[in-house]
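Make a model of the complete structure from these sequences and hints.
First to last, the sequence lines map onto chains E and P.
Here my numbering = 1-based position in the first sequence + 10.
Here my numbering = 1-based position in the second sequence + 10.
Mixed in with the good hints, there may be bad ones.
As the list makes no split between identical chains, a pair holds if one copy fits it or if it spans any two.
Stated by the list, open to error - Below, a list of computed lysine-lysine pairs in the DSS-like style, where the Cα atoms sit at most 25 Å apart: (1) Lys68 x Lys336; (2) Lys351 x Lys336; (3) Lys351 x Lys68.
Quick caveat, the hints were computed from the structure, so don't treat them as lab data.
2 protein chains.
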Amino acid sequence: MSVTFAQGFQAAGVVAGISSHHGKRDLAVVVNQGPLDVVAGVFTPNRFCAAPVQWSRKAVQDGHLRGVVVNSGGANACTGQAGLEQSTQTAQELARLLEADAHSVAVASTGLIGELLPLDHVLRGVDDAFEHLDDGEQAGSDAAHAIMTTDTKVKTVEIQGSGFRVGGMVKGSGMIAPQLATMICILTTDAVVTPAQAQQALHQGTQTSFNRIDVDGCMSTNDTVILLASGASEVTPDIEEFNQAVAEACASLAHQIVGDGEGSSHDVDMTVIGASDERAALACARAVASSNLMKCAIAGNDPNWGRVISSIGTVPESIAPYDPNKVSVDINGIRVCDGGKPGQDRSLVDMTPRHVDIVINLHAGESQGTIWTDDLTHEYVRINSDYES
Amino acid sequence: MSVTFAQGFQAAGVVAGISSHHGKRDLAVVVNQGPLDVVAGVFTPNRFCAAPVQWSRKAVQDGHLRGVVVNSGGANACTGQAGLEQSTQTAQELARLLEADAHSVAVASTGLIGELLPLDHVLRGVDDAFEHLDDGEQAGSDAAHAIMTTDTKVKTVEIQGSGFRVGGMVKGSGMIAPQLATMICILTTDAVVTPAQAQQALHQGTQTSFNRIDVDGCMSTNDTVILLASGASEVTPDIEEFNQAVAEACASLAHQIVGDGEGSSHDVDMTVIGASDERAALACARAVASSNLMKCAIAGNDPNWGRVISSIGTVPESIAPYDPNKVSVDINGIRVCDGGKPGQDRSLVDMTPRHVDIVINLHAGESQGTIWTDDLTHEYVRINSDYES
Numbered sequence: 011m012s013v014t015f016a017q018g019f020q021a022a023g024v025v026a027g028i029s030s031h032h033g034k035r036d037l038a039v040v041v042n043q044g045p046l047d048v049v050a051g052v053f054t055p056n057r058f059c060a061a062p063v064q065w066s067r068k069a070v071q072d073g074h075l076r077g078v079v080v081n082s083g084g085a086n087a088c089t090g091q092a093g094l095e096q097s098t099q100t101a102q103e104l105a106r107l108l109e110a111d112a113h114s115v116a117v118a119s120t121g122l123i124g125e126l127l128p129l130d131h132v133l134r135g136v137d138d139a140f141e142h143l144d145d146g147e148q149a150g151s152d153a154a155h156a157i158m159t160t161d162t163k164v165k166t167v168e169i170q171g172s173g174f175r176v177g178g179m180v181k182g183s184g185m186i187a188p189q190l191a192t193m194i195c196i197l198t199t200d201a202v203v204t205p206a207q208a209q210q211a212l213h214q215g216t217q218t219s220f221n222r223i224d225v226d227g228c229m230s231t232n233d234t235v236i237l238l239a240s241g242a243s244e245v246t247p248d249i250e251e252f253n254q255a256v257a258e259a260c261a262s263l264a265h266q267i268v269g270d271g272e273g274s275s276h277d278v279d280m281t282v283i284g285a286s287d288e289r290a291a292l293a294c295a296r297a298v299a300s301s302n303l304m305k306c307a308i309a310g311n312d313p314n315w316g317r318v319i320s321s322i323g324t325v326p327e328s329i330a331p332y333d334p335n336k337v338s339v340d341i342n343g344i345r346v347c348d349g350g351k352p353g354q355d356r357s358l359v360d361m362t363p364r365h366v367d368i369v370i371n372l373h374a375g376e377s378q379g380t381i382w383t384d385d386l387t388h389e390y391v392r393i394n395s396d397y398e399s
Numbered sequence: 011m012s013v014t015f016a017q018g019f020q021a022a023g024v025v026a027g028i029s030s031h032h033g034k035r036d037l038a039v040v041v042n043q044g045p046l047d048v049v050a051g052v053f054t055p056n057r058f059c060a061a062p063v064q065w066s067r068k069a070v071q072d073g074h075l076r077g078v079v080v081n082s083g084g085a086n087a088c089t090g091q092a093g094l095e096q097s098t099q100t101a102q103e104l105a106r107l108l109e110a111d112a113h114s115v116a117v118a119s120t121g122l123i124g125e126l127l128p129l130d131h132v133l134r135g136v137d138d139a140f141e142h143l144d145d146g147e148q149a150g151s152d153a154a155h156a157i158m159t160t161d162t163k164v165k166t167v168e169i170q171g172s173g174f175r176v177g178g179m180v181k182g183s184g185m186i187a188p189q190l191a192t193m194i195c196i197l198t199t200d201a202v203v204t205p206a207q208a209q210q211a212l213h214q215g216t217q218t219s220f221n222r223i224d225v226d227g228c229m230s231t232n233d234t235v236i237l238l239a240s241g242a243s244e245v246t247p248d249i250e251e252f253n254q255a256v257a258e259a260c261a262s263l264a265h266q267i268v269g270d271g272e273g274s275s276h277d278v279d280m281t282v283i284g285a286s287d288e289r290a291a292l293a294c295a296r297a298v299a300s301s302n303l304m305k306c307a308i309a310g311n312d313p314n315w316g317r318v319i320s321s322i323g324t325v326p327e328s329i330a331p332y333d334p335n336k337v338s339v340d341i342n343g344i345r346v347c348d349g350g351k352p353g354q355d356r357s358l359v360d361m362t363p364r365h366v367d368i369v370i371n372l373h374a375g376e377s378q379g380t381i382w383t384d385d386l387t388h389e390y391v392r393i394n395s396d397y398e399s
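Now the structure itself:
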């Protein structure tokens with residue numbers, strides 16, 4: 011169902027001939043049919059943000075947007091003025107069809123950095139997608155397929171609230187990072203909300219989802235999360251429930267990204283408890299989650315808690331105060347490290363399930379935080395060394 | 011020649027039965043025969059520093075040391091009071107043989123974290139090594155072999171100064187990090203220097219060598235660099251020349267570590283020029299050098315400058331001010347990115363040589379810095395997922 015689960019939205023995903031994979035759907039359009047045209051957006055903090063990000067950041071600024079064009083097959087990043095011109099013309103094309111201002115259309119692109127898009131293909135793709143716009147299940151699915159790159163699975167979400175709905179789609183598997191990812195996420199809702207409410211919900215939702223995943227510690231030039239609200243349900247939601255629904259949608263999509271981490275064989279919940287504050291917990295969890303040695307150990311079904319300990323030992327005391335002689339580590343429920351020393355026998359740990367739970371107790375306070383990551387496999391290297399060559 | 015290149019040193023490397031690899035030399039002893047017994051040390055900043063590091067940090071504190079015991083086959087890290095007791099007894103054993111105080115002996119260990127050493131094997135190994143102490147070439151080579159773990163090559167250095175010598179050995183290939191590494195380095199010199207001079211030379215030397223390599227961004231619990239000075243040449247060196255010789259020895263060994271990076275197929279010099287200051291240059295170089303995506307691209311002979319750009323884009327402006335529209339990237343001499351946009355055709359880049367030169371010009375100042383790293387290959391994953399299992 012994806013973006014068409016909420017009322018008031020039409021979508022399409024078409025083969026525009028942008029991707030080098032012949033016959034792959036590579037351009038999606040999502041249109042908000044109202045009555046509201048509320049929007050909120052969160053974008054990459056990367057200083058080399060791509061042309062579509064530069065365009066869309068401005069487009070969503072006034073809190074109103076009619077539609078989004080997303081293409082795979084090219085990131086349109088590091089393409090200078092010519093790239094910005096391409097994003098502008100893409101937005102203008104959909105705006106023309108919608109009889110709207112260009113700034114009421116956002117654009118997102120994903121793929122190789124440093125190359126311009128085949129603009130004529132993009133523009134024809136927009137026209138074609140516009141022809142095929144539909145509010146049905148198939149249209150939502152086509153759009154979700156069209157934004158995929160190295161993704162091996164289509165990733166969508168549907169949340170039913172009290173009289174309102176939140177739907178969405180995301181692409182992303184490699185290059186997923188402490189701060190967003192090569193990730194494009196379009197969320198839709200038919201709740202009646204203001205731009206400020208939408209922005210608040212999206213900000214909170216991304217903080218506890220996309221900003222908590224770490225596949226390979228890289229941060230993309232093109233990360234984009236957009237939430238469109240149509241008001242078509244005519245329901246003004248309880249704002250807590252609305253925030254919760256958006257956060258749930260984000261968390262579901264973030265988990266799907268980790269589950270589709272390039273070539274991964276395990277999903278890992280890296281949880282730090284007993285921290286002095288949440289920042290300390292997350293800093294320690296991130297340090298372990300970004301350790302290649304740890305990720306390789308997990309790929310080899312090895313409950314190597316020494317690599318957990320080495321990693322949290324690199325976090326400065328000023329950020330995460332703790333006493334190394336009090337730290338414990340549980341892997342899949344077995345306390346392999348207790349008080350900074352060996353605990354139960356590591357051979358008791360069953361590493362065969364796909365899901366791995368690592369819980370680190372700093373014994374330094376009451377706060378906690380979790381980072382979701384995956385393991386580092388041969389397959390990751392294969393995918394990312396063969397991406398272009 | 012390794013540690014026996016300088017006059018006044020004896021060494022040995024023996025099979026003590028600590029390593030799980032049957033018949034591998036796994037214990038080395040280096041003894042300073044004077045007339046001086048000067049020492050300097052640099053140790054891991056990891057907060058879970060291993061028992062031998064805790065012991066040795068104190069042992070070198072007064073600037074004097076008679077000998078060092080190094081074992082592979084076990085890190086003696088996260089082993090609590092019992093581990094500290096093992097390091098103490100190991101030092102005491104060599105001290106007894108040297109008729110010296112226990113605090114005039116340092117200890118270093120490398121291998122798996124979280125397990126105690128087979129102490130009887132270690133102590134018998136110290137006795138055996140003491141019996142075999144010799145100042146010849148073979149003894150230096152044996153010692154260098156005994157400290158190896160996943161290293162595929164023995165790593166030694168010999169620097170001839172004006173009337174004095176610096177020799178050394180190092181182990182380390184995986185887990186090599188922004189701040190030192192699972193790296194144990196023993197340097198020897200026959201120059202006449204004070205403890206303060208030795209410490210100054212070693213501090214400078216490590217800053218521009220071991221602290222500038224990044225194989226996988228991990229920082230070990232056991233990193234140890236020790237410089238012993240015997241004064242046996244009776245030459246009081248020009249202090250600049252001495253610092254330079256120690257720095258050269260460190261740089262050579264650091265390069266050898268990168269060249270032996272676990273399973274690597276390329277060595278990479280990641281150089282940032284045109285930076286506002288050295289800190290900015292190194293922050294940008296480290297950001298790229300620690301990118302798994304970049305490392306995979308290089309393994310695939312792919313001059314993917316988009317991944318260079320993405321990585322420097324993650325460095326905050328407060329640390330490295332630059333204008334994204336002015337940045338250029340040269341890979342093996344080809345300017346693939348110019349002014350933040352595509353430059354020469356990437357197909358012009360020859361990625362077949364083992365050595366890869368990446369030069370990033372921020373056009374924001376006159377400072378520069380280089381980080382040495384390697385690529386991320388299938389072989390890295392294999393070595394590090396099979397290490398224990």
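(Q) Output the indices of the hints that this structure fails to meet, ascending. (A) none
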